[in-house]
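Work out the full structure, taking the sequences as your base and the hints as a guide.
There are 2 protein chains.
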Amino acid sequence: MRMLINSADTVVADALRGMAAAHPELEVDADKRVVVRRDAREGGRVGLVSGGGSGHEPLHAGFVGLGMLSAACPGEVFTSPVPDQMLRAAKAVDSGQGVLFVVKNYTGDVLNFEMAAELAEDDGVRIEQVLVNDDVAVTDSLYTAGRRGTGATLFVEKIAGAAAEEGAPLERVAALARRVNESSRSFGVALSACTTPAKGSPTFDLPDGELELGIGIHGEPGRERRPMMPAREIAETAVAAVMEEVAKVGPAEDPVLVLVNGMGATPLLELYGFHAEVAAALAARGVQVARSLVGNYVTSLDMAGCSVTVCRADEELVRLWDAPVRTAALRWGC
Amino acid sequence: MRMLINSADTVVADALRGMAAAHPELEVDADKRVVVRRDAREGGRVGLVSGGGSGHEPLHAGFVGLGMLSAACPGEVFTSPVPDQMLRAAKAVDSGQGVLFVVKNYTGDVLNFEMAAELAEDDGVRIEQVLVNDDVAVTDSLYTAGRRGTGATLFVEKIAGAAAEEGAPLERVAALARRVNESSRSFGVALSACTTPAKGSPTFDLPDGELELGIGIHGEPGRERRPMMPAREIAETAVAAVMEEVAKVGPAEDPVLVLVNGMGATPLLELYGFHAEVAAALAARGVQVARSLVGNYVTSLDMAGCSVTVCRADEELVRLWDAPVRTAALRWGC
Chain A
1 MRMLINSADT VVADALRGMA AAHPELEVDA DKRVVVRRDA REGGRVGLVS
51 GGGSGHEPLH AGFVGLGMLS AACPGEVFTS PVPDQMLRAA KAVDSGQGVL
101 FVVKNYTGDV LNFEMAAELA EDDGVRIEQV LVNDDVAVTD SLYTAGRRGT
151 GATLFVEKIA GAAAEEGAPL ERVAALARRV NESSRSFGVA LSACTTPAKG
201 SPTFDLPDGE LELGIGIHGE PGRERRPMMP AREIAETAVA AVMEEVAKVG
251 PAEDPVLVLV NGMGATPLLE LYGFHAEVAA ALAARGVQVA RSLVGNYVTS
301 LDMAGCSVTV CRADEELVRL WDAPVRTAAL RWGC
Chain B
1 MRMLINSADT VVADALRGMA AAHPELEVDA DKRVVVRRDA REGGRVGLVS
51 GGGSGHEPLH AGFVGLGMLS AACPGEVFTS PVPDQMLRAA KAVDSGQGVL
101 FVVKNYTGDV LNFEMAAELA EDDGVRIEQV LVNDDVAVTD SLYTAGRRGT
151 GATLFVEKIA GAAAEEGAPL ERVAALARRV NESSRSFGVA LSACTTPAKG
201 SPTFDLPDGE LELGIGIHGE PGRERRPMMP AREIAETAVA AVMEEVAKVG
251 PAEDPVLVLV NGMGATPLLE LYGFHAEVAA ALAARGVQVA RSLVGNYVTS
301 LDMAGCSVTV CRADEELVRL WDAPVRTAAL RWGC
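Chains A and B, in that order, are what the protein sequence lines are. The numbering of the first sequence is this note's numbering, which starts it at 1 and goes up by one. The numbering of the second sequence is this note's numbering, which starts it at 1 and goes up by one.
Worth flagging that the hints you see were computed from the coordinates, not collected in a lab. A portion of the hints provided could be inaccurate.
As the list claims (entries may be wrong) - Cβ-to-Cβ under 7 Å is the rule here; a few derived chain B residues that face chain A:
no.	residue
1	R2
2	L4
3	M19
4	M229
5	A231
6	V249
7	G250
8	A265
9	G273
10	D302
11	A304
12	R331
Unchecked claim - Examples of chain B residues lying across from chain A (beta carbon under 8 Å, computed):
no.	residue
13	M3
14	A15
15	A22
16	A198
17	P202
18	T203
19	D205
20	H275
21	L301
From a predicted model like this one, the values you see are computed outputs, not experimental measurements. Ideal Cβ positions, reconstructed from N, Cα and C, are used throughout, including at glycine.
Okay, here's the thing in structure tokens:
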């Protein structure tokens, strides 16, 4: 087991202590497992709360801050957080304008956010929810009914967060978040499985020289195994799968936002080379790229591989994408 | 071979094409292998040029931009760039104020930057050089005479870059860069070796359940192999090794800057947990941490592991560290 940890039991609490030490601008409760932007209640903004299993860092705690999330609730590795965490977060960030829950489509997350929403409403906090389900690779997996939520979560959190920062009301922030999700699709590829601290061995067996197409972010197997392919062919496969759906969204002249996301163990050198092929595959389809982001953002522990997320974006979405953001993992414009 | 590449021969050129596609604010010459900040010659600033073998991304090209490098010259993977690249970069960024070369202490880099400095001076460009040699683990390795240059490179480039951005003259920028290097020490740990595209197999053999202390950033073995240790003990070992030297620098009341750096394949979840232990080990020594940075910044392809860099920083260094920076990989304050 090649892990830089104290013990499998303390991985999440230890990471939260480290976040607290590194980011004094965040209020980190390592016991209750809630990470809150210190000025969350200032300015009378709508609150944005997300969360999910740990192991996908910087998602979600790395996206807490100005122009993005108000709070994040990390669960155990690949395990949903509990309703009490979301409830606590909702109360900590609500300034009376209500709170949007950003929920990735996994059965545990959906149930627990739903329960937290009911409890929060009982306590007088207005809640809207958006379900992120962008992964075109599989419907119904070990963790989900329907499509999984993966890379588009970053687009939803960034764009809805920008709208909230500007003072948009809850209904509008929620509508924007839903529009971003509906405009986005993702496809992932694994070159290796990942190893969870609790299990200590790879989640599936992928022989050297093969790759798994259509993987999720929990080490679950994908939809097809193939002999290793050059980056150009992998990019073409991913872009074809994603654009089949994104082509149905909005006017074809509208540009797209692109996320070339590393799953954790693939070097940035390779991710940039892969991005060149993704950009070429989009250009070959006449798709204009407005903005692109390359790096490890929605990861799966130490999995080697990547995912491509494409979001069709009109002028408004591009403007909100460009709006200032200041979090541990994503910063620009301020 | 688990790599997201087209072929071992095109890895660097492909990555540069991807950088060009993702970062329109950079002038990327994928053929000549020079990445230049578009506004490098505006404002009459001193230029900062660095470079070295590829495989350490985001170092160096990811640090080109406002408040950091003016240009970067990537060589082949783990191979020094050639003098023509540095010469080209120096000429592209010199506004008449001269250029500082930031050189990591590896034999090839030192020789080639030296040759480029002579050629640039012949062409009328004033050059100063700073040699970064912060790694306490080994003196004289496969790649170096003396200590290796690793994580402190980030501190040198950030702080000297901030001074250049403020309009400091060449001698002052060079003196600051040297002071940062002399105030910084690093220690690295590998949980796995890395695999270069050309070789296609791990650079050394590290059995599961063992770790290598005192590794560099080129897949060269370290100074000692041990059975796997908890993160707390690894942090204590690294901090002890680093502070033995940093304790000799400046007044003990002065705080430090800390970089907890991933080597490429270690999840951010683990890096933050490790940072908690590094912070504790420094606190136990009465060392005050002014700022800390956690993430993959000076990597070694797909190596699992991390390094700790500590820099003793007086008020001036902390102020320059906090100064605005806007690059692909490091951004704040603007």
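Each hint tested on the structure:
1. R2: holds (4 Å)
2. L4: holds (4 Å)
3. M19: holds (5 Å)
4. M229: At about 10 Å, which exceeds the 7 Å cut-off, the nearest Cβ of chain A leaves the hint on M229(B) violated.
5. A231: holds (5 Å)
6. V249: violated (22 Å)
7. G250: violated (22 Å)
8. A265: Where the cut-off is 7 Å and the nearest Cβ of chain A is about 4 Å from A265(B), the hint holds.
9. G273: At about 3 Å, which falls below the 7 Å cut-off, the nearest Cβ of chain A leaves the hint on G273(B) intact, so it holds.
10. D302: holds (6 Å)
11. A304: For A304(B), the interface hint holds, since the closest Cβ of chain A sits about 5 Å away, which is under 7 Å.
12. R331: holds (5 Å)
13. M3: For M3(B), the interface hint holds, since the closest Cβ of chain A sits about 6 Å away, which is under 8 Å.
14. A15: OK, holds: A15(B) within 8 Å of chain A, min 4 Å.
15. A22: holds (5 Å)
16. A198: violated (13 Å)
17. P202: This interface hint is violated because 12 Å lies over the 8 Å limit.
18. T203: Violated, because the Cβ-Cβ distance from T203(B) to chain A comes to roughly 14 Å (cut-off 8 Å).
19. D205: Hint on D205(B): violated, closest Cβ of chain A at ~13 Å, above 8 Å.
20. H275: Holds: closest Cβ of chain A sits about 4 Å from H275(B), inside 8 Å.
21. L301: Since the shortest Cβ distance to chain A is 5 Å, the answer is holds.
Of the hints listed earlier, those the structure fails to meet are numbers 4, 6, 7, 16, 17, 18, 19, in rising order.
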